[in-house]
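Chains as they are written, first to last, in numbering that gives the first Met the number 0: chain A, 0 to 298; chain B, 0 to 421.
If you're looking for bench data, these hints aren't it; they were derived computationally from the structure.
Errors might be hidden in some of the hints.
What the hints assert, rightly or not - Chain A regions said to be covered by chain B (calculated; three or more residues, Cβ under 8 Å):
1. 63-70
2. 115-125
3. 139-147
4. 175-184
5. 251-259
6. 267-275
All C-beta atoms, glycine included, are put in the ideal place defined by N, C-alpha and C.
Chain by chain, the residues run as shown.
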Amino acid sequence: MMNRRNFLKIGVSALAFGIAGSGKALATEDFAGNPDRLGMLSDTTRCIGCRRCEAACNKANNLPPPKKSFEDTSVFEEKRRPYVADVQSYTAVNRYTVDGKTVYRKVQCMHCDEPACVSACPVAAMKKSKEGPVVWDEKLCIGCRYCIVACPFYVPAFDYSSAFDPRIQKCFMCYKRISEGLVPACAEACPVEAITFGKRSDLIKTAKLRVWGEPDKYIDHVFGEEEAGGTGWLYISGVPFSELDFPMDVGTTSYPKLTKDFLSMVNITLVSWPALLGGFYLMHHKAHNEKSDKEGDKQ
Amino acid sequence: MNEFAGEYTEKHIYQEKEQTGSEIITYWIRDKLFMGLTFKEYFKSLITPLNVVAGLIVLAGAYLIAMRFLFRLSEVTESSNEQPWGLFLSWGLFIGVPFSASGFVIGTAVYIFGLKKYQPIVKNAILLGFLGYLFAVIFLMIDLGRPWRIYYPMIISFGTASIMFLVAWHVSLYLSVQLLEFSPSALAWLGARKLRKVAVGMTLMLTVFGVMLSTLHQAALSGMFLLAPGKLHPLWYTSYLPWLAFISAIGAAIALMIVVTKLSQVFLRERADEHYLSNLDNITLGLGKAASFVLFTYVGLRLISVTHESAWKYINTPFGHWFLVEITILGILPFLFYYGVQKKNVGIVQVSAALTMVGIIMNRLNISLIAFNWQLPNRELFYWKEFVVVIAVVTIEIIVYRWVVNRMPVLRQHPDYIGDEH
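Modelling step: build the complete structure from the supplied sequences, incorporating the hints.
Below, the structure written as structure tokens:
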């Protein structure tokens with residue numbers, strides 16, 4: 000959450016950048032997150048598309064049973080987003096064929112370092128927890144769905160079929176399990192260690208070691224290291240990320256920055272208008288009075 | 000429909016007699032609510048073909064709204080996770096609010112800049128603004144997932160980094176400001192002379208406060224989409240979104256006032272006085288001149304913004320063609336207004352104003368619905384039930400507007416308060 004100190008800090012650094020005339024956005028540098036925050040690493044070269052992560056996620060989060068069983072591979076015929084995966088779900092695995100190679104990619108919340116959804120929420124129901132997961136407080140949510148509008152990864156979903164308790168649905172990185180010292184359900188269920196759970200800083204090193212260790216096997220890029228200002232969920236891949244429907248237009252600027260300029264205008268506007276308008280009013284008001292004075296003199 | 004001329008003389012006759020309590024109440028109700036008729040007469044006067052149609056529309060809408068609250072949002076809307084905001088917000092909030100800038104635009108002209116020429120329409124402008132915001136909130140209530148928590152951003156939990164938080168605060172504050180701004184007319188109707196004097200005394204302060212709030216939330220409404228650069232089509236997404244929204248809201252407000260002024264001349268003639276009717280042509284030409292200037296600025300900035308975002312490369316795509324339709328309509332308007340004003344042709348100015356409304360409705364619909372999530376396939380824009388609800392709520396808004404104008408001095412000066420106008 001943006002508290003006053005953060006707000007000031009970011010404001011001052013923005014000012015400093017402005018004065019220095021440097022247009023370069025150094026997103027990750029002015030983010031003072033918890034250095035030990037947790038994250039996940041997905042290695043798409045390892046994933047075999049067994050969907051055990053989906054099943055484990057479903058069970059861990061007490062979600063309703065799916066219409067097609069988790070062993071059914073016919074679901075791969077379409078590209079599923081978590082929320083349209085035939086029933087409420089927090090994650091989905093999709094199959095791609097790239098140059099004759101079959102590649103699987105797991106989709107879920109990216110747990111951004113500076114999430115768009117968090118800066119969108121008017122009641123601070125979405126929060127980047129100290130531990131790393133982006134969590135949601137159902138006691139505060141008003142159901143405005145601005146988080147869904149804001150998310151560049153099209154992740155959060157809303158329960159449109161509930162009139163009295165519509166919930167925001169997305170992966171919470173098994174926040175409860177993490178608090179109890181457990182590993183998130185999907186990482187625990189993965190039989191081939193395609194999902195690794197750990198400190199984000201360690202995961203970046205792991206990812207780079209794998210990429211550098213086998214440069215022919217991997218694309219030289221860790222998706223999420225800088226995307227959207229850095230995400231908690233990281234990916235490495237053997238085929239270009241664009242082939243796996245990764246949004247390549249998210250840039251490296253953190254999303255809250257996009258509205259910061261506008262929000263910093265608020266105080267200026269609030270101070271300027273009364274002064275200006277008061278002045279205008281007095282100008283014509285005085286002119287009016289002078290005129291009536293002169294009229295009075297004539298009589 | 001009764002005659003207004005007799006209303007106030009009648010009142011004086013009642014007061015000369017000794018009255019019992021029940022008589023006072025009966026006369027008060029008759030005078031204030033039933034426009035001088037007995038309940039039976041009033042009820043009969045309501046049964047007109049137009050009112051029956053309006054009633055049916057409202058019933059259909061009320062049924063659908065009940066469905067939404069009892070069962071689910073997906074019962075009546077096409078809203079989905081691919082289209083989180085549907086027609087309710089597009090119409091009620093993103094289109095309704097810019098047109099409701101009428102109160103602050105005309106209010107500023109009259110009370111701050113002292114342009115007395117626009118005095119006859121200022122009360123109407125404020126009433127339209129107030130109702131626009133009130134119904135924006137009503138649309139929001141229908142659309143919110145948990146509408147019973149609508150006050151949460153004000154009291155319970157503050158999402159200070161959110162533009163929507165800003166919008167929530169400003170819209171609620173401005174709704175109160177506009178209620179107070181309109182109160183002199185309501186208090187004149189109720190005959191509360193002392194209270195009205197207090198309300199009139201607050202006019203300048205309220206107007207300045209209204210400008211502060213309006214600048215920010217008009218800009219903020221489109222500013223909310225700043226968070227969605229990849230999702231809003233590049234021909235509409237620009238970092239100038241807030242300022243484009245603010246400028247076009249001024250244009251929208253002026254256009255609405257020209258059109259409503261014309262409509263009131265036709266449909267509400269008997270509710271208006273000479274002071275109002277005799278000044279309208281002159282006012283329309285003045286507003287037309289202002290609209291020409293405002294829209295010229297808007298279109299210029301808009302074209303610069305497309306260049307700034309280097310989005311011209313999308314021009315030869317379906318969205319590009321759709322963009323051309325919108326920008327062509329908005330682009331010819333400044334010249335059309337200018338031409339009408341030069342020729343002193345009120346009709347041309349009125350047609351231009353109606354076209355401005357079309358252009359700005361298109362623009363807001365594009366930003367909030369049509370060009371949003373443009374990369375996702377197979378989106379349904381809205382469900383017919385959503386459309387019925389919108390029509391029904393707009394019908395209610397018109398009924399409320401007519402109810403107020405029929406009773407309170409909006410298009411006329413109250414005979415007891417002439418010269419004491421706020």
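Those earlier numbered hints the structure runs against, lowest number first:
Those not satisfied are hints 1, 4.
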